[in-house]
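The listed protein sequences correspond, in order, to chains A and B.
Note that the numbering used here has the first sequence beginning at 8, numbered continuously upward.
Note that the numbering used here has the second sequence beginning at 35, numbered continuously upward.
Calculated from the structure, these hints are not laboratory results.
You may find that some hints are simply not true.
Unchecked claim - Capping the alpha-carbon separation at 25 Å, the derived lysine to aspartate or glutamate pairs in DMTMM-like fashion look like this: (1) B/LYS184 with B/GLU290; (2) B/LYS184 with A/ASP221; (3) A/LYS173 with B/ASP70; (4) A/LYS173 with B/GLU215; (5) B/LYS206 with B/GLU258; (6) A/LYS114 with B/GLU115; (7) A/LYS114 with B/ASP70.
These numbers come from a predicted model, not from an experiment.
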Amino acid sequence: MANNCAAQLGRVAVQVRRDILTMSSSAHAGHVGSSFSCVELLVALYFRVARLWPERAEAPERDRIILSKGHAATALYSCLSLRGFFPRDLIKDYGQDGSRLGHHPVKGSLPGIEVSTGSLGHGLGLGSGMALAARMDATGSRVFVIMSDGECNEGSVWESALWAPKHGLGNLTVAIDFNKLQATAPSTELTQLEPLREKWEAFGWEAVEVDGHDLDAVVAAFESSSDSRPKVIVAHTIKGKGVSFMEGSLNWHYRPPSADDVSRALAELE
Amino acid sequence: MRDAFFRTIVDLGASDERVMFLTADLGYKLFDEFRDRFPGRFLNMGVSEANMVSVSAGLALSGKRPFIYSIVPFATVRCLEQIRIDLCEMQAPVVVVGVGAGYSYGANGPSHHGVDDIGIMRALPGMTVVCPCDPQETADAMRALLAVEKPAYLRLGRAGEATFPGSSSPFKLGFPRILREGADIGIAITGAIAGEALKAADLLVDHGIHPHIISVHTLSDLGETVECIRQARLRAVLTLEEHGPSGGLYEALAGELARRRVQVDLVPVTAPPRFLNVVGGQDYLRKVAKLDAESLVKLILSIRKGGK
């Protein structure tokens, strides 16, 4: 990827983080850290890799992006608004009475939201079905699913992980936002997640590991795919990435940022 | 009913290219014709019901019309949250098919009994719940559900049920069918337990009792059923279901009657509110649960004797 393109995507990522902060603060909502960790994954998809047309949000030949870790909804809303799926003004309503932008995405609430998520462990099966339908109908669509590491605790993830390779869904790519922290504890302390890449490989997936904040690496990982196997990208990320006092801290799973937190954080996101 | 289902799914597959059949590794040999005729639209998902529901939702949101199949408890409560969000919340037009209503899989034990599924499926917002009473109603319901772009639960009995006379009257979702015209006492049934009601009606002829029997196949919309009961001017209506008391036909109908302020003496005949501690064939377990024709006869005679 040309350097100017990476720089451009980097600027978008900064804007997305600024949006996440201001939305979370005004809604007095948490999940800032979980939203920050997947910003580059979403920016790479929405602004570079995925074939999408905001003016034809329902085009059958579009690629599908599924935010299976629905608690990072602020990151999704920011990307969709910046990409032109709906007016930027709408994100100010996030979490407010009467708004359509809840703390977890709801299909049909706004253009570009492919599925309702919020309960973990659904996105991979949904994406697998969409990938199969795309292949049956030869639409050329690819399906991208963003999951969290904590989400890999869910048994349904592994049902889907067993199933998709057997059907050769080469148009399905999953990125695991491996930020090492789930809601209340380090994710590797609660279940035997590691070795994560090798697990998926053993299930028959093409599996790669990348620095999930390196936009060049993330774009390259999303852009290459095999014809015959689904792909998993184990994206090593940092919860709270981008703001020094949030990085790697469990506090920022649930804690809503105060006005002071926001001003300190925005100063770091220039 | 199971055979009617597999015959009809082939017909639907032939007439509508969107129709797919997904099974959680059940229906051995029964799905062969669909698989052989429409190989790309057949998926044996393995024993992974949660994934089956999510995949079917992904297919449905991409324009397909999946019917997904397993035994009642596995098709419903095993993957309940996937049904709740992926199907109901997103209104993905998938038909969840549960085979083995009530005690159909009697000797297999409580893990395989379907005595709570109606209540659970009815509780889901946006879910259509249909319990056909015989093979004809099964085929009719499948066609009707395909014509509706919404999620649905289709609760089937087992194999070998007869088609009841009277059930060939036109089928429309939400509109009960009269299986036998009668007067004074009504029996509202849902599902294949209809056979016991009809048998009871035969036994009651000698007593000069002719129950009015209706099949309430659509349990998620009972407005027309209330109307049907009101028009029949019945002194008492028994509700008969191979399902526990929570959320089934009785509770649903009692609620709808109350909402519409229609006064009817409603008598519940349900499976007990507990898992049975014996196993046995379906006919045996129906007797244990007092859902069989003889128990119905006794109950109806006691109602008459009581002068109700």
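Taking the numbered hints from earlier one at a time, note which ones the structure violates and give those numbers from smallest to largest. Violated hints: 2, 4, 7; rest satisfied.
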